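Asker: The chain contents come next:
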Amino acid sequence: MAIGVKVLKRPTAETSYLRATLKGMALTFSHIFRPKVTMQYPEQRATDDWTLSSRWRGTHRMLTDEQGRAKCVACGLCPQICPANCIKLVPGEDEDGHRYPLIYEIDEFRCVFCGYCQEVCPEEAIHVGVHYENSEYSRDRFVYDLERLCAQTHPVSTLWDPSDQKGE
Amino acid sequence: MTFFLIASGIKVFMVFNLIMVGVALLTLAERRICAWMQDRLGPNRVGPQGLLQPAADGLKNFLKEETYPALADRTLFSLAPLISFVPALLTFAVIPFAAPLPTPWGVVPMVVADLPVGFLYILAISSLGVYGIVLAGWSSNNKYSLLGGLRASAQMISYEISMGMSTVAVLLLAGNVTLSQVIAQQQQGAWFIVSLTLAFLIFFISALAETNRLPFDLPEAEGELIAGYHTEYSAMKFSMFYIAEYSNMVTASALMATLFFGGWDIPFTSWDQTGEASVWKTLATLGAFGLKTGFFLFTYIWIRWTLPRFRYDQLMALGWKVLLPLSLGYLAVIATAIWYLHEQLGWTYGTPFALVLGGVNLVLVVAVVWWLDRGRIVSGSMAEVG
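Chains A and B are the protein sequences, given in the same order.
The letter at position 142 of the first sequence is residue 142 when you use my numbering, and the numbering goes up by one with no holes.
The letter at position 90 of the second sequence is residue 258 when you use my numbering, and the numbering goes up by one with no holes.
For the record, the hints were derived by calculation from the structure and aren't laboratory data.
If you're wondering where the values come from, they're calculated on a predicted model, not measured in any experiment.
Careful, some of the hints might be misleading.
Below are the PhoX-like pairs computed for lysine-lysine, each with C-alpha atoms no more than 25 Å apart in a straight line [stated by the list, open to error]:
{"no.": "1", "chain 1": "A", "residue 1": "88", "chain 2": "A", "residue 2": "71"}
{"no.": "2", "chain 1": "A", "residue 1": "9", "chain 2": "B", "residue 2": "489"}
{"no.": "3", "chain 1": "A", "residue 1": "36", "chain 2": "A", "residue 2": "23"}
{"no.": "4", "chain 1": "A", "residue 1": "23", "chain 2": "A", "residue 2": "6"}
{"no.": "5", "chain 1": "A", "residue 1": "6", "chain 2": "B", "residue 2": "489"}
Okay, chain B solo, but in the shape it has when bound:
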């Protein structure tokens, strides 16, 4: 028990620091990558290649003045950054980030809390973050901020559903919501990206919307709402929204890696999940997990600097008229396929099982790309003049 407490304490400390450092580096990566995409160099002055830029930014934010709008609700105005900051950091707790680490006192699973409710916990906590945004928008007593907050809540609700639906497919296949079990299942056969390609696509789009990233950054929308819900925030309070946004990105990327890309699994090998736990195995799998998460983080940045923002009705139409029916229909198809393979043919999850599902997905993806994506995805809601 004592060992569990100490080990957990150390893990919490490590994960917290890793996320904070990761977020800091991510802000730099965002600025540098966006600069490169625009044929610029980006911040490269503070430290080698600008590596100390986040430290300088952090220091600046600590030293800046905390401003309060005259008519703001002081309590909620101060509370809102915390409400969005804490859930953003909490969600990472259930994501396994490496193979178990052997110590002289026993084997330590490399996850802060391997909760039995695993994935449900992430869905529950991550949607709490929107309270922070809504309260920030409301307590600022600024109509633009309020609009940003409203948009955030509507967007969150719309995309939460299709996100949940797309993960139901994962849970059907894994038979479990515990993320370590989901990873173990993927190590049995192929990664779920093969067997649930379309679910990944839906999840990916919804995750972009959930983290308020472009092309779904309507709550901020600096062109329309002058930074939306955090217009009135300055100094560290603003910084906390910023950190929350980026740590949500880290969690969403880690979640995509875990649910669809085998988590810490190293592809085409089995030595990482079989046999004795060893330090090298832990480090190698940690590296694999880091690479996968890093790839998705890069994709986040990549998409942000490629796409323009949606119009609001397009956003809602995409969420409710495209993604929700698509994910529901997909769920029906994939559940039937799993039922047929599992119950009728008596197969258990393995490579052939995954390949058959992969075939089904291929057909569906082709249908989406060649039929649905013919002017039917982003149309917006419309009513004829008259």
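With the rest of the complex left out, here is chain A:
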């Protein structure tokens, strides 16, 4: 038995291949001269209709106080909340009883950029950044230490718009 194929009755009067082809070719040809949507990336990082969102969560940045010290008080909330377990924190305490991080390292390869560290931080010290260019020549360069985190200058994520907290 031959394989049966369900045959749809198509209207032959309107069906055309040659003319439809020519129509399609006219369309593709007209597109050659239309404005292009490509963003020429390394030279051009934003276009009129595309900029990085202020809520973008990129590599971290540690904010500093007036003396240039990290704002971190080594409370330990961020390694606690971190779902990827990428923050290493060893707390220290000076003679005045101020706590500070002896070691503060973020493994950016492990990080899932959820932004919980920024949300949980009581001192508004650690932030995820509005930043996406992170190339390095070796893998261990992706473990950012405290000095490096403080030295970052890119803008930090707002996570939410303070005037529109529900994101509406």
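We have chain A already, so just place chain B on it with the hints.
Answerer: Relative to chain A, chain B alone:
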């Protein structure tokens, strides 16, 4: 004799290099034009406007690893790219690309080999290329590749026939298969596109199928067959299939220009084919030939980025049920018309002859567009359920 050998050697060298550079630029043109059609920019980083992109691609392909599937037939697997590459480059040899060039030692015809069998040579050699594809598909020991190879051979055979039939009309009119004679005949009167419009249409569609270009790229069909016959190929071997495909395109475009658009003839003038040969004449006609070929190459790319791929049964139905009867019927009509004009009225080929044939063609084209193209071209083969 020595002069002939040296001149031929130089011509072979020039044509080979021109084709290779042309193919390289064509890959770039394909990518850029397709990008423009999709409102993108395309590769524009390597060199000005991306002109060095093909060089970078070539370099990359040289440096990449040659992989062999574990169960592949090593000999045929290595041989297959060559078998498809060599015929692709050979076919251009008989196409005249400019008016004869005068040199202090004699006039050199601007064609690598003006063979008396001319066009038959192209048909013969170009169908050899499919061996490369079939062998590649078979020796890869991969079922998708094998399917690609099978499709290629079936497609080649199906469309070779209508392609041959459509060119028989040209040969009837030219009375000769030598391509330089075909061009000379077209210079007498009008180009064959006027007198053989429908033959050109059939030839054009078949040429798309013969070069495995969309909408007939079923041997590759990356969506269905993961690149078909060259799935298993890497590095330079893959590159050779690629070059073969594009040089087939160049040859097919040049052939369309030669058979139907007067070859290197410059339209509406006669200074290019009469009188003494001169360097300027050669250059001008070379430019005309280049423009015509370039236009068809652009059309190839244009169609590829416009049309979707055929279903396999549609492809076969189009080849056997539409194009073959159409070309046979057309041949009967056009042969009768030529016989009537030539034998009964005693006309020789010239502008009035071409115009009368053009009238016949106009009627036929109208019939094709207004009757055949009413849901009868791409239907596919079907059997009722039951």
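Asker: Taking only the CA atoms, is the gap from residue 23 (chain A) to residue 6 (chain A) under or equal to 25 Å?
Answerer: violated, 29 Å
Asker: Need the status of pair residue 6 (chain A), residue 489 (chain B): alpha-carbon distance at most 25 Å?
Answerer: holds, 20 Å
Asker: Measure nothing beyond the straight line between the CA atoms of residue 9 (chain A) and residue 489 (chain B); if it is 25 Å or shorter, mark the hint as holding.
Answerer: holds, 19 Å
Asker: What's the verdict on residue 88 (chain A) and residue 71 (chain A), does the C-alpha distance respect the 25 Å limit or exceed it?
Answerer: holds, 16 Å
Asker: Take a quick look at whether residue 36 (chain A) and residue 23 (chain A) sit within 25 Å of each other, Cα to Cα.
Answerer: Holds: residue 36 (chain A) and residue 23 (chain A) sit about 22 Å apart, inside 25 Å.
The structure fails to meet hint 4 from the earlier list, while all remaining hints are met.
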